[in-house]
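Peer 1: Sequence:
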Amino acid sequence: MRDFVAGGRRSPRRNRWVVALVAACAVACSPAPAVDVPSEIHSDTAPLTKRFPAIGVPEAVAWVTWTNASRDVPGPTTYWIDAVITLHPQAAAALARDTTAEGRMPDVAEALRSAVGPGPFVTGAALNEALSTNGWTATGYLDRRRNQLVLNAVDD
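When you line the sequence shown up against mature numbering (1 follows the signal peptide of the UniProt record, and there is no 0), it's residues -34 to -1, 1 to 122, in that order.
Now the in silico label distances, taken between C-beta atoms and shown as ranges:
#1 Thr103 x Ala59: 19 to 25 Å
#2 Ser9 x Ala91: 26 to 32 Å
#3 Ala67 x Thr99: 19 to 25 Å
#4 Val120 x Gln56: 25 to 31 Å
#5 Pro84 x Thr43: 31 to 37 Å
#6 Val120 x Thr15: 14 to 20 Å
#7 Arg70 x Val120: 16 to 22 Å
#8 Pro40 x Arg79: 30 to 36 Å
#9 Pro19 x Arg111: 22 to 28 Å
#10 Glu68 x Pro42: 32 to 38 Å
#11 Asp121 x Pro40: 16 to 22 Å
#12 Thr33 x Ala59: 31 to 37 Å
#13 Gly83 x Asp10: 18 to 24 Å
#14 Pro13 x His54: 16 to 22 Å
Just so you know, the hints here were simulated from the structure itself, not pulled from any lab data. Idealized CB from N, CA, C, for every residue including glycine.
All chains should be built: construct the whole structure from the sequences, respecting the hints.
Peer 2: The structure is reproduced here in structure tokens:
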């Protein structure tokens, strides 16, 4: 098979390979889809109580959500929720059972950092398991003195 035809032009077959190679390089070098930066702070409780029934009916909530959704890239979307929740004392006591690892500080979205108390916080596998329901995987940090729960959750 000849790569060139009369007149010095490339054959259509070779052009297809060059185009395919350039397209593959462009896709491989493209940046990963951006993750939205959460900025709107929500204070409605229903979305949280629906997804995380172990929190009961909280006294107050501040939460943000964001995704990695992109119109340019098809495929599954990952959802994140960070929340700072003031629990009723009974709900806090129920969630505090079997917690460990006192002294760990939670990490939350920038928009919520000022709402997080000084702690100390407790956490543990039992707390995370109680919060991880309805397809959401959650990590909880509980300040037992303030009845404050800091929640990091992901649904993918």
